[in-house]
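Respectively, the protein sequence lines represent chains A and B. Letter by letter, the first sequence follows residues 1 to 254 in UniProt numbering. Letter by letter, the second sequence follows residues 1 to 254 in UniProt numbering.
Bear in mind the hints are in silico, worked out from the structure with no lab data behind them. Every value quoted in this text rests on a predicted model; they were computed, and no experiment measured them. Careful, some of the hints might be misleading.
[Unchecked claim] Partner residues are not named here, just some residues of chain A that face chain B (Cβ under 8 Å, in silico):
| id | residue |
| --- | --- |
| 1 | Ala4 |
| 2 | Glu7 |
| 3 | Glu14 |
| 4 | Ile18 |
| 5 | Ile22 |
| 6 | Lys36 |
| 7 | Arg37 |
| 8 | Phe67 |
| 9 | Ile136 |
[Stated by the list, open to error] Simulated pairs of lysine-lysine, BS3-like, Cα-Cα distance not exceeding 30 Å:
| id | chain 1 | residue 1 | chain 2 | residue 2 |
| --- | --- | --- | --- | --- |
| 10 | A | Lys146 | A | Lys114 |
| 11 | B | Lys24 | B | Lys165 |
| 12 | A | Lys24 | B | Lys49 |
| 13 | A | Lys29 | B | Lys49 |
| 14 | A | Lys17 | B | Lys49 |
| 15 | B | Lys111 | B | Lys210 |
| 16 | B | Lys36 | A | Lys114 |
[Stated by the list, open to error] Each pair of labels, with its calculated beta carbon distance range:
| id | chain 1 | residue 1 | chain 2 | residue 2 | range |
| --- | --- | --- | --- | --- | --- |
| 17 | A | Asn57 | B | Lys20 | 21 to 29 Å |
| 18 | B | Ala109 | A | Val106 | 20 to 28 Å |
| 19 | A | Asn87 | B | Val106 | 42 to 50 Å |
| 20 | A | Ser2 | B | Ser154 | 42 to 50 Å |
| 21 | A | Val59 | B | Ser2 | 24 to 32 Å |
| 22 | B | Asn84 | A | Ala64 | 45 to 53 Å |
| 23 | B | Lys20 | A | Asp218 | 24 to 32 Å |
| 24 | A | Asp218 | B | Glu96 | 54 to 62 Å |
| 25 | B | Lys20 | A | Gly187 | 41 to 49 Å |
| 26 | B | Lys31 | A | Val59 | 18 to 26 Å |
For each residue, glycine too, the CB sits at the ideal point set by N, CA and C.
2 protein chains.
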Amino acid sequence: MSKAFLELAENEVEIEKIEKEIEKFKILKYKPIYLKRDKLIDSIDSFWKIILSQHSNFVNFIRASDFKYVDCINQIIVDYDEENVGNFSITFKFNEIEGDFPAQTVTKAFKLIKIIPEDNKDSESEDESVEGEKLISESVEIIWPKSYNSINPSLIEDKKSDEGKRNYRKGMKSFFGWFKWTGLKPGKEFPHGDSFATLFSEDLYPYCVKYYTEAQRDLEDEASDSDYDSAEEPLDIDNEESENDEPPKKKSKI
Amino acid sequence: MSKAFLELAENEVEIEKIEKEIEKFKILKYKPIYLKRDKLIDSIDSFWKIILSQHSNFVNFIRASDFKYVDCINQIIVDYDEENVGNFSITFKFNEIEGDFPAQTVTKAFKLIKIIPEDNKDSESEDESVEGEKLISESVEIIWPKSYNSINPSLIEDKKSDEGKRNYRKGMKSFFGWFKWTGLKPGKEFPHGDSFATLFSEDLYPYCVKYYTEAQRDLEDEASDSDYDSAEEPLDIDNEESENDEPPKKKSKI
Chain A
1 MSKAFLELAE NEVEIEKIEK EIEKFKILKY KPIYLKRDKL IDSIDSFWKI
51 ILSQHSNFVN FIRASDFKYV DCINQIIVDY DEENVGNFSI TFKFNEIEGD
101 FPAQTVTKAF KLIKIIPEDN KDSESEDESV EGEKLISESV EIIWPKSYNS
151 INPSLIEDKK SDEGKRNYRK GMKSFFGWFK WTGLKPGKEF PHGDSFATLF
201 SEDLYPYCVK YYTEAQRDLE DEASDSDYDS AEEPLDIDNE ESENDEPPKK
251 KSKI
Chain B
1 MSKAFLELAE NEVEIEKIEK EIEKFKILKY KPIYLKRDKL IDSIDSFWKI
51 ILSQHSNFVN FIRASDFKYV DCINQIIVDY DEENVGNFSI TFKFNEIEGD
101 FPAQTVTKAF KLIKIIPEDN KDSESEDESV EGEKLISESV EIIWPKSYNS
151 INPSLIEDKK SDEGKRNYRK GMKSFFGWFK WTGLKPGKEF PHGDSFATLF
201 SEDLYPYCVK YYTEAQRDLE DEASDSDYDS AEEPLDIDNE ESENDEPPKK
251 KSKI
């Protein structure tokens, strides 16, 4: 019987390899189709603004005042690394707000690393839980809006005063604070920075067209509900599955 | 711009095709490794009994008294149809309980069908919701235990009496009632028969080794907690990921 257990353990290792192989296959299959889609999306006005303002979960990660700048995002591209499955980068292209916020393109990269579970008593936060893998990143340069000067960490002179601390924390919790997130200083960084990253890589980017179609429909419903005339024609660029009101379905794993 | 929308819709159709292709690739990749695993599992005593008695969600689908017969299951095999992605069948091999329940092997097949959303006002239950796809099946023959004679639907003579109705319902809600489930008579069949099927196809079968390892560990913890000597050695046939207490992680979709 112990021979069976050994062979079963080997079998599990093989399954892990196959999982990686399948992920790689998926990434390579999606690459050309996503490339084509990125170009098409680029020609649609306010595509990401419409999605991000209507998405039910996105709003939970950032501050309400961040939406002014989220609305400036005119392109989001997620690049999945087929050689290192689990790693990816997200590129944001921002439009400017004159006198406040410059046009810029920023890429933030994420790595999936194995963590060796050790004694957890010294762990500072629940983020350091006994997971087998975790996502990390590096702080990346982004020019903050002028209106955020008071909470911009690099402009706070006295970080030890009560006001300084408060403003620092506010800044770190903003959308711009997320670009500093590393995943290595739990409790001291943008909260749930890893989940925010995977929200883009596993949800918003793969299902953006479905989300756009749904968001458009909702916006039109709102417009007709409030008796305003909608200037736009109803859009239905999605296939038949979009008839339901549920979030886009994810294919299940076998 | 409307040209972009058209092309985007075409792109979505291509994405759907790719999804099917990836599912097929997955099924074919897993087939030989699952076949090998089935044989190895077959040589391990009480493999499925240990998993099913410890799984946190399995218990919610059936009646407590069913566990006597669930414990008789000595083999479960899920066969995924690579030609019709989404279709699968589940085969159960039961040991006998002398004088009550015969040894038997039963296969139940499931089909994923597209449903065309129509006027939902006449819908009898929430099962007929506006989903794009649903799982259906056919009633399949299984010999019920003798101890279930009073609730065995084919033995209830007067199904219209109050007692008859009550017993009929009890029977349909039992594990054996699930083998009659079709997905076509919502409210009148085994409840959540589709979720119970996918519990096997998407969770229990793919992650059975991880579940077995965890269940073994839990059983040993229980045994040592209650100061009984565990006769068995601790088993750790899983890889390093099993160190955590969370349910086995599913790979995310890109």
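Here's how the hints hold up against the structure:
1. With a least beta-carbon distance of about 5 Å to chain B, the hint placing Ala4/A at the interface is held under the 8 Å criterion.
2. Because the closest C-beta pair between Glu7/A and chain B is about 5 Å apart, less than 8 Å, the hint holds.
3. Because the closest C-beta pair between Glu14/A and chain B is about 6 Å apart, less than 8 Å, the hint holds.
4. Annotation: Ile18/A was flagged as interfacial toward chain B, and the flag holds, the nearest CB pair being 5 Å apart, inside 8 Å.
5. For the restraint placing Ile22/A at the interface with chain B, the shortest Cβ-Cβ distance is roughly 5 Å, inside the 8 Å limit, so the hint holds.
6. Given the 8 Å rule on beta carbons, the hint for Lys36/A holds: about 6 Å separates it from the nearest Cβ of chain B.
7. A hinted interface residue such as Arg37/A counts as satisfied when its beta carbon comes closer than 8 Å to some beta carbon of chain B; here the least separation is about 5 Å, so the hint holds.
8. The interface hint given for Phe67/A is violated, since its Cβ lies 25 Å from the closest Cβ of chain B, which is over the 8 Å cut-off.
9. Checking Ile136/A against chain B by beta carbon gives a least distance of about 17 Å; that is not within 8 Å, so the hint is violated.
10. Under the criterion of a C-alpha separation no larger than 30 Å, the hint pairing Lys146/A with Lys114/A is inconsistent with the structure, at around 39 Å.
11. A threshold of 30 Å between alpha carbons decides the hint, and for Lys24/B with Lys165/B the separation of about 44 Å lies outside it, so the pair is violated.
12. Simply put, Lys24/A and Lys49/B have alpha-carbon atoms about 35 Å apart, too far for the 30 Å limit, and the pair is violated.
13. Distance hint between Lys29/A and Lys49/B is unfulfilled; the C-alpha atoms sit about 40 Å from each other, more than 30 Å.
14. Simply put, Lys17/A and Lys49/B have alpha-carbon atoms about 28 Å apart, close enough for the 30 Å limit, and the pair holds.
15. Simply put, Lys111/B and Lys210/B have alpha-carbon atoms about 27 Å apart, close enough for the 30 Å limit, and the pair holds.
16. A C-alpha spacing of about 28 Å is found between Lys36/B and Lys114/A, which places the hinted pair at or below 30 Å, so the restraint holds.
17. The given range of 21 to 29 Å is respected by Asn57/A and Lys20/B, whose C-beta atoms sit roughly 27 Å from each other.
18. About 51 Å separates the C-beta atoms of Ala109/B and Val106/A, a value inconsistent with the hinted range of 20 to 28 Å.
19. The hinted range of 42 to 50 Å is satisfied by Asn87/A and Val106/B, whose Cβ atoms lie roughly 45 Å apart.
20. Distance hint check: the CB atoms of Ser2/A and Ser154/B are about 45 Å apart, consistent with the given range 42 to 50 Å.
21. Remark: the range hint 24 to 32 Å for Val59/A to Ser2/B is upheld by a beta-carbon distance near 30 Å.
22. About 47 Å separates the C-beta atoms of Asn84/B and Ala64/A, a value consistent with the hinted range of 45 to 53 Å.
23. For the pair Lys20/B and Asp218/A, the supplied restraint of 24 to 32 Å holds, since their beta-carbon distance comes to about 29 Å.
24. Evaluation of the 54 to 62 Å hint for Asp218/A and Glu96/B yields a pass: the beta carbon distance comes to about 57 Å.
25. Between Lys20/B and Gly187/A the beta carbon distance is about 44 Å. The supplied range of 41 to 49 Å therefore holds.
26. Between Lys31/B and Val59/A the Cβ separation comes to about 43 Å, which falls outside the hinted range of 18 to 26 Å.
Of the numbered hints given earlier, the model fails hints 8, 9, 10, 11, 12, 13, 18 and 26; all others are met.
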